[in-house]
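Visitor: Dock chain to chain to rebuild the complex, using the hints, since each chain is given by itself in its own frame.
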Amino acid sequence: MKIRRIIGQGVQSLNANRLRSFFMMAGTIVGIAALTTIMALGRGIEKKVMQQVETFGPRAMMLIAGGGKDMPPPDTTVTTLTVDDARAIQKQVSGIEIVSPMAWRFRINVKRDVHQYQAVLWGVEPSWHAAWNWYAAEGEGITNEDVATLARVCVIGQTIKRELFGDEDAVGKRIYVNKKRLVVKGVLSKKGSSPMGTDFDNRMIVPITTAMRRLLNVDYVGAVRIITRDAGQMPRQIKEIRALMHARHHITPPQEDDFRIVSPVAIAKMARGTSRTLSILLIALVGLSLIVGGVVLMNILLISVGERQKEIGLRRAVGATRRDILSQFLTESLAVTFIGMLIGSGLGVAIILFLKKATRIPVMISWESFALSLAFALLVGTFFGVQPARRAASLDPVETLR
Amino acid sequence: MIAVENLGKTYTNADVATAVLKDINFRIAKNEYVAIMGTSGTGKSTLMNILGCLDKPTAGSYRLDDTDVNSLDDDALSHLRNHKIGFVFQQFHLLERATAARNVLLPLIYAAEYPEDADQRARQALSAVGLVERMQYKPNALSGGQQQRVAIARALINDPEIILADEPTGNLDRRSGLGIMAIFRKLHRQGRTIVLVTHDQAVAEHARRIIVLKDGRIDEDRVVENQRDPEVELDAFTEKEDR
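Protein sequence lines correspond, in order, to chains A and B. Using our numbering, the first residue of the first sequence is number 1, and each one after it goes up by one. Using our numbering, the first residue of the second sequence is number 1, and each one after it goes up by one.
Pulled out of the complex, with its shape left as it was, chain B reads as follows (with noise of 0.2 angstroms):
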């Protein structure tokens, strides 16, 4: 479903140039859980950018489901946006002054054709994440947790086939993060495909993949073996706590 192929990524800043990505190729299938993951500054978001649609690589090819996304306007990058991809950020970037229901409808508003059945479906999406019951809180009445499912929650609405995630437990104690990755383990469960930004190893093991950067190559594509289990993680954390 991602094909990347010798994927390079230069930025040129008053006539010096700085390759952040050089030969990158890799492919993600759909259904797959991938992490990838470095250190600051390997050029994981820049990876993640390309990946997402938001920024172009300088050189090599990116094809999704066997789109040419090089050779597309910006216009045409936004329509991929809308109903491809679902991002969550670190920072969950809700629209602070709006209710859970309608940051989650956000992607709806710049879909070609806005469904009829647009209510139902945040209720839908934010029941997936555990929040029915918070659908009319504004982000600041929610935890950074329950903000971060919020933003899962909009990330689902369009039924994107690759959920872009970037540090999503970046930004949350121990057993929100745990939560949220949870969450992706059903997603994933549900025939999801999910692409994990990160550069902790603990977070990268809940994948079944991990895709090393190192100074801006791959140097290491893996598969992991002991994948993490959030939920049982979860229950012991509730254990310990009760005890």
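Chain A extracted, bound-state conformation (with noise of 0.2 angstroms):
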């Protein structure tokens, strides 16, 4: 094949002018490199993402006493949720597969013995276990008849049976909360931290009514815990409840609302933060410098044409057609693109590898920025390519000869 002969020809150019060619390539590099390290970036962040949501659950909803956007540390002094705003979602919104209420106390002493411990206590309904997919790993969860009879038991975390009891036995043992004593009746499983680096394993659970009525002495809630049987209609649900929560409430829209909805999209909308905005930034400093880029090795390999002369002069005499030397300019520009894109994605692997192992920065490579890559590669190589192509093309053999 002619076209492979000429290829051939602008490669052995390209290798024979190695200084130049780099400089040709070095715009590419950089804006390749950077292009494939801020798209591991944005993956990494992605993957984090997709983790708390999984965390949090898919399908799962959260109302949350207290108003606010985002999710603040929840507010524990609002206390106009209760137990009967969970029954009635449960009766009013369709499609909801658990509705659990939680009392909850954030730091609040476990006593045993001369051992002590600032637990996270939850008051909980036994349709928490299934709403959090979180089951005791020794002993018993929390049952209808703990709640009925407001039991003096509890289930508590990994973390606190290490604290107080280390390797003995938790199960049927007493500890001391509020200086109430409970009876340990399970071990949670281990959960392990949050990706944001919260430990789950320092929580205790207790029956609902035991945590409000005994522990506490409230009559509301901090949060009611929703799960739907499907994630597309979570947008129709979050309507419906927050109007039921108006309407219960009797909050009128300017009135700021005393709840607030917690779903897989806030969790992910608060999770990516301003990372969206500044990878639009970056990629559109990395499209910027292969522009950049692209222009400088228009340069160059338009002085190129001008030096070159002769040789376009001599490959006319000897046979070459206009599409000849059109083609081997081509190639030049695009071996060149093509090589940069090779050596720019081997950088911003090795700065990847660097970012993983020297920080905590999360990121992941993907066949997507390669692809990417190439593509931007070509695009820069052929669009700025083609006009010194043309020129060197447009030669008169008889002028360059002379």
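To be clear, the hints were calculated from the coordinates, so they are not data collected in a lab. Keep in mind that a hint or two might mislead.
Chain B stretches covered by chain A per the calculated footprint, using a threshold of three residues with CB under 8 angstroms from any CB of chain A [said to hold, decoys possible]: (1) 78-89; (2) 95-107.
Here are some chain A residues the structure puts well away from chain B; computed CB gaps all over 10 angstroms [as the list claims (entries may be wrong)]: (3) Ile6; (4) Gln9; (5) Lys47; (6) Asn133; (7) Ala148; (8) Ala151; (9) Leu244; (10) Arg316; (11) Asp324; (12) Leu334; (13) Ile365.
Every residue gets a Cβ at the ideal spot worked out from N, C-alpha and C, and that includes glycine.
Guide: Following this line, the structure appears as structure tokens:
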């Protein structure tokens, strides 16, 4: 194939002028390295977001006492959310699988003999286990009977168990919360910590009635966890829950809500934070650097066409058509951006591996970034190579050989 | 093989027409060895460019092997240059960064079919000019005479019908120049057609026929009576040096 021979000529020419070739590809290398890195960062953040959504529960919603938009620390002073609200939601909003109200206290002293620990206390209904998919690894979980009888029992997290009992068996033992005696009836399975670093295993659950009447002495709850049957229904359900809560709490919209609803969508939005805007900005910068690199490439090629007039004339004299000359110069331009892309991708991967090792910044290499880099490189090579190639092809051999 | 009739070339620059060639008529048969001679500015380079299908006349006709060159488009002219014409230039015009072998192979890059025995042919072409042992040298490692011999090998690679040489010895010392002329003589003996363009009477007399241009017209078209023999002169040269 003639075109293969002509491509060979272009590659030989690049190889014979390595310094010039390097300057031609510098812009592409930097641009593609940046693109690869930024895409890996974006991917990493997205993966973290998905993890958080997964932790929160893709079909879960939280109705939390206290207004506000995002997720500030729960406001435990708001006293308007009740167990009755939870019942009303269960009754009036369709497509809901679980509604599980929870009373909570975020710092509560738990004692056993001389051991003491500051735990998170949740008063829950038996549906809590299913709502969080979190069950007792030893002993038993909270039952309907526990709730009905205000049983003085608790199920503790792994951290609490370790702090209070060490290696000893905890089930059946007594602990004290607010000087009230509770019997440990189970130990929750290990949950680990959230992507944000919060320890989930420092919590203990008690029957919701026990929590409200015996331990905390309150008639309100902190939050209601709601599990829908179908994530697709969630927008409608959120709307209905909000309307229901407005009605039940006598709120007319300009007035501020005394509750908020957190959904996976909100969690994802929060987790992404400003990263999306930032990455759009960075991608724009990458685009800019590729364009600048392309302009540099084009200028060096134009200079090179000027310097290589005799070569072009000779090639024409020995039989190269205008098209052959065009092909050779376009080959040179494309080869420069292609090799620049390979080096840039390599550099980008090196940066990513470094970030992975040396920092906690989430990164993830993806094939899409290679595909995108390739597309960009060929686009830049073609776009900025065409004009110099045309100029080379249009040279008159008689003039150039003079 | 070459038939030029009433050929003329006029350049128009800023509405001023300059006639470089006027009413040129000649024929060159196969296996002729012709020198086109004239002082600078007489249009001999323009004539060579036209004969080499690099340029087109503005008047008259040029037929090469029964092909009316005037009627061909740019691609067809490139094709014709590629397989019928071998150029040898005063400035050699080699690719500086490529080896002698790669330079010699250059015309084959643009041939319709790349011959399987290309490397063998390059070797043959280089051995025809006595440079086979320098195949892998780059031009800057070769003397002027050697570079011109590489250029001749390049002109031979496609086995062309005509070799067009424009002042081939112009940039060379006398001895190297004689070496080049000896190669042309050998190629002529092998049956090739050679057209030599020069301003130098002494160089022109290596040919069998001289066409003299003057002010764009043919002034003289004669057979050389005492054709010079570069081999003999080279021997004499060597003897003189030895002494």
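Visitor: All hints are to be evaluated individually against the structure, with a verdict given for each.
Guide: Hints, one by one, checked against the model:
Residues of the segment 78-89 of chain B with a Cβ under 8 angstroms from some Cβ of chain A number 7, which satisfies the need for three, so the listed coverage holds. Residues of the segment 95-107 of chain B with a Cβ under 8 angstroms from some Cβ of chain A number 6, which satisfies the need for three, so the listed coverage holds. With 10 angstroms as the threshold on Cβ separation, the claim that Ile6(A) sits away from chain B is violated: the shortest Cβ distance comes to roughly 7 angstroms. Distance to chain B contradicts Gln9(A) as a non-interface residue, since its nearest Cβ pair spans about 6 angstroms, not more than 10 angstroms.
No beta-carbon of chain B comes within 10 angstroms of the beta-carbon of Lys47(A); the shortest separation is about 49 angstroms. With a closest Cβ-Cβ approach of about 69 angstroms to chain B, Asn133(A) is found to remain outside the 10 angstroms limit, as its non-interface label requires. Annotated as non-interface, Ala148(A) keeps its C-beta farther than 10 angstroms from every C-beta of chain B; the closest such distance is 92 angstroms. No beta-carbon of chain B is positioned within 10 angstroms of the beta-carbon of Ala151(A); the least distance is around 90 angstroms.
With a minimum CB-CB distance of about 79 angstroms to chain B, Leu244(A) clears the 10 angstroms threshold, and the non-interface call stands. Listed as outside the interface, Arg316(A) is inconsistent with that label: its C-beta sits roughly 7 angstroms from the nearest C-beta of chain B, within the 10 angstroms cut-off. Once the 10 angstroms rule is applied to beta carbons, Asp324(A) is inconsistent with being away from chain B; the minimum gap is 6 angstroms. Every beta carbon of chain B lies more than 10 angstroms from that of Leu334(A), the smallest distance being close to 18 angstroms; the non-interface claim holds.
In this structure Ile365(A) is separated from chain B by more than 10 angstroms, as the shortest Cβ-Cβ distance comes to about 38 angstroms.
The structure fails hints 3, 4, 10, 11 (numbered hints given earlier, in ascending order).
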